[in-house]
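All chains should be built: construct the whole structure from the sequences, respecting the hints.
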Amino acid sequence: MNAQDGAAARVFLVDDQPAVLQALARLLKSAGHAVEAYGSARAFLDSGNAAMPGCLVLDLSMPEMSGLALQQELAGRASALSLVFLTGHGDIDSGVRAMKLGAVDFLTKPVDDQRLLDAVEAALACNAQRLAQCSERDDLRQRLASLTPREREVMALVAEGLLNKQVGDALGMAEKTVKVHRARVMQKMNVRSVSALVRLVDRLGPQEPDAV
Amino acid sequence: MSRNAFFQWKQAPSVRISLAGLVVGCVLPLAAIAAFLIVGFYQREQRQLFDQTVSRARAIMAVVDHNFDSTQAALRALATSRMLEQGDLAGFRQRALIVLPELHADSILLLNRTGEMLMSTRVPPGGALPRLGVTPLLARTLRTGEAGVSDLFVGPLTGAFLYTVAVPIERDGVIAMSLNATALPAGLAHVLAEQKLPPSWRAAIVDSGGHLVARSQDIDQYLGHLTSRSTQEKLASGALEGSVQSTTLDGIPVYTFYSKSSVSGWAVLIGIPLGELTAGLRQSLTWLVLATVAALLLGLGYAWAVGGAMVRSVSALVPLARAIGSGQLPPLPRLAIREANALAQAMQEGADSVRRARAGMSESEQRLSLVAEAARLGVWTRDLARGEVWVSDPWRALFGFGPGEQIDLARLLLRVHPDDRAGLEKTLEQAASGEAASYATEYRLMLPDGGLRWIGSHGAVQNDAQGRPQLVRGVSLDITQRKLDERQLQLRQEEVTHLSRVAMLGELSGALAHELNQPLTAILSNAQAAQRFLARPQPELEEVGAILADIVKEDRRAGEVIQRLRSLFGKKETVRQLVDVDALVADALAILRNDLINDGVTVELTPAPQPAIVLADPVQLQQVLINLVLNAGDAMAACPPKQRVLRIGTALDEAGVVTVSVSDDGTGIAPEVLAHLFDPFFTTKQRGMGLGLSICRGIADAHEGRLWAENRLPRGAVFHLTLPLAAREAAQEAQQEAPA
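Protein sequence lines, in the order shown, are assigned to chains A and B.
Residues 29 to 240 in the numbering used here are what the first sequence spells out, letter by letter.
Residues 732 to 1471 in the numbering used here are what the second sequence spells out, letter by letter.
Keep in mind that the hints were calculated from the coordinates and are not lab data.
The beta-carbon is built from N, C-alpha and C at its ideal position, and this holds for glycine as well.
Errors might be hidden in some of the hints.
To be verified - Under the rule of at most 25 Å between Cα atoms (straight-line distance), these lysine to any residue pairs were calculated in the SDA-like manner: (1) B:K1373 <-> A:M214; (2) B:K1373 <-> A:V124; (3) B:K1373 <-> A:E188; (4) A:K207 <-> A:E188; (5) B:K1373 <-> A:D121; (6) A:K57 <-> B:L1251; (7) B:K1214 <-> B:L1251; (8) A:K204 <-> A:L225; (9) B:K1157 <-> B:L1115; (10) B:K1284 <-> B:D1330; (11) A:K204 <-> A:A156; (12) A:K57 <-> B:D1286; (13) B:K1373 <-> B:L1265; (14) B:K1284 <-> A:V63; (15) A:K216 <-> A:E181; (16) A:K128 <-> B:D1330; (17) A:K128 <-> A:R143; (18) A:K57 <-> B:L1115; (19) B:K1373 <-> A:L232; (20) A:K57 <-> B:A1280; (21) B:K1284 <-> A:P91; (22) B:K1416 <-> A:A224; (23) B:K1284 <-> B:E1271; (24) B:K1373 <-> A:M93; (25) B:K1416 <-> A:L159; (26) A:K57 <-> B:A1191; (27) A:K57 <-> B:G1276; (28) B:K1373 <-> A:Q100; (29) A:K128 <-> B:P1371; (30) A:K216 <-> A:R165; (31) B:K1214 <-> B:E1226; (32) B:K1373 <-> A:D166; (33) B:K1284 <-> A:Y66; (34) A:K57 <-> B:V1275.
Stated by the list, open to error - Here are a few chain A residues that sit away from chain B, every Cβ distance over 12 Å (derived from the structure): (35) G60; (36) D141; (37) L228.
To be verified - Chain A stretches covered by chain B per the calculated footprint, using a threshold of three residues with CB under 8 Å from any CB of chain B: (38) 45-58; (39) 126-140.
Encoded structure:
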């Protein structure tokens, strides 16, 4: 886990049925989870916990904002929360859609405690992993942000496997100047070899350089 | 006709008596008036005659008095003779003899105060003169000193009846002598004769003593006789004029009129025979009586004849009327009276139409009895005044009474099923009291053989002339088979309604599962949480207690859900009860909650301002509401999620009608669909049977409500369900019973 997310992971529970909400909260608490319960999707969004570490256990069918709508909303906000869906009846279509959108699990009510706890565990692990990935990416982004535009151009071409001379020709600069830029890039990006640099750029994704 | 009226009819006067009364009534008053006029006329005439006759007597009396006056004047003139003054009686006698013829006297005498005769024309001088003594006339002359007339007396010299006129002769202021002239009564006869009185009348001159001096007839016979006693009395009464009824000396009853001289005391009498006085009156009255009697006889005779004609005509009509009454049509008799002929004609025409009507009636009666027999109708009549009941034979068979068995209301009511008895009794009472002019009722009979029979009965009330109920008559028929069929049909309908409900609920299975799932989920999770709490080294018993309480609560909730579903799925007959429409709406929405959420439908509820309580079968109403809500949800399936708004409003109006409106924002209903929306087996859904709305409308109708649909602007459709509001008292009761 990253030091940036100092808060402990919590389980967020959303269900429009108060009795169910309380029972599930009790079950999760009994398993040692920290639980926050909400009567509606809107109440959860308003709490501002969407960006917090943890997982979200939510009912699929709720009035006003359904589970799927909340999932979409969270995706829009680039929340890292992992989702576990609960549904009253086996609605396969909704389950498939939820899973496609990245839900960790899709459980039917009434739900066995072990299945729920396993799912929650998995969701929390997933969340932790996602958060870790995110923090690494943030690190990279910071490094990337410290590059000058010229250095970034040089880095891109180097990562594609071009020689210094070729880079100089492509960018219209002397080979010596390319060398200087390249050394500064390697230093700023904290890599010792070209192959490591290539892996880094790969991890940022193809669109990343444009997005920055 | 009552006994009393019959006697009154017998006592009424006959037409002949009435006509006779009319004739008598007309003639007698006229005769009485005529008699009154006649008597009045005669009385006037008689008064006139009386006056005239008295005047006549007065005139005669005046002539007599004049006669005396002239004699006295002559005697006074003679008394002034110088010879008498000188005492030359012989010369005086000579002088008197000369005057005598002018005086119409018999003789002239001179008397001294003692009545000694000093001179008489009858006795020559020197002859012996009779001594007369003091006569009443002399005494009167000496006393009054005035001239006078004597009554009739017999002359001493002649021995004949005479009267004397005397005048006094004064010497030195003293009456010394009386110079008298004696006259014969015959000298006055001419006075009466000159009057030319009717020969039947009697006239007489009497002296102051009532002796006859002159008389119109037979004076020789009656000279000197006293007149009748009644006349004497009348004359003595002092009145100078008057009349008296008397009888003449010759025996004729007369009415006597008299006039008496105040000077001489003599009187003139005129007697008119009574017969002559009243003869005219009697004759007139006789004629009148004869005329009256004749008029009466003629009138009565005519009345008798006319009355006879009328009696004959009417009597001839009586057998005619009787014959018509008994249904015959006899020939018309010839009648004496035109009106009676017209009446007979009218009776015959009436009889003809009555006979035709009777023929028609018997035809329709036959038809009716045929119909009654064919339909096994029991016909009955109830006489309210006599409290009697008449029933037809089919009626007896229908009600299980034997042919001779007596039937009254109590016996009938005993046959009626105890549950229906009070209701029937009330219906019959209302008819008997005139509250209802007709009625139709259905009730059950407990037959003597133990069987049960349904009877349908229709009654109509007939009022008497005063508008009071007099008769109730009607028909009863066996409707047992119809009732069984109805029951069968009802059962089938219930079956169909139930099946449609089950089918409808099948569509809701997801919702229902969810509904049950919620409490089950809560229970399971709670229980497992409790297990985990208990498994801890230090079990959190407080938490476990709260969990167990929640488990119990959720279990109950699950039970309620099952109960609700069971009533919807159940087949048992439900009873109509007072239900709050908004509570039913809330129930329906609870059942459909999950479906609505899944379909993304938002519900907007507008409950009634006051509780809308109706008398209804809650399960069936629930079925209608669920149907409408499901349809509305289906109608909006294709709409964008934000547009899926379902509105349910409940409203109350002044007329006591509850309207539940379920509206959607869907695509609305196509006109060709709208027309058949409620037809059975009409559906636009692929899976539907097309019974839902048809059954819903049937349920609304059974609740005396309506169910219809219309399109909304700008989009969507609305279904209205109206139901009659339960009576206010009942609704209040319901609220008090269920304040929660």
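Restraint check for A:K128 with A:R143, where alpha carbons must lie at most 25 Å apart: OK: A:K128 and A:R143 at ~20 Å, within 25 Å.
Restraint check for B:K1373 with A:L232, where alpha carbons must lie at most 25 Å apart: The hint is violated at about 39 Å.
Satisfaction of hint between A:E188 and A:K207, Cα-Cα up to 25 Å: Status holds; Cα separation ~16 Å.
Hinted pair B:K1214 and B:L1251, Cα distance within 25 Å: 48 Å, violated
Distance restraint between B:K1284 and A:P91, which requires alpha-carbon spacing of 25 Å or less: 23 Å, holds
Satisfaction of hint between A:D166 and B:K1373, Cα-Cα up to 25 Å: 39 Å, violated
Straight-line alpha-carbon gap A:K57 to B:D1286, limit 25 Å: 22 Å, holds
Agreement of A:K57 and B:A1280 with the hint, judged by alpha carbon distance not exceeding 25 Å: 18 Å, holds
Pair hint A:K57 and B:G1276, alpha-carbon separation not exceeding 25 Å: 16 Å, holds
Satisfaction of hint between A:A156 and A:K204, Cα-Cα up to 25 Å: 45 Å, violated
Pairwise hint evaluation, A:E181 against A:K216, where the allowed Cα distance is 25 Å at most: Satisfied, since the Cα-Cα distance of roughly 14 Å is no more than 25 Å.
Straight-line alpha-carbon gap B:K1284 to B:D1330, limit 25 Å: 29 Å, violated
The earlier numbered hints that this structure contradicts are 1, 3, 7, 10, 11, 13, 18, 19, 22, 25, 26, 32, 35 and 36.
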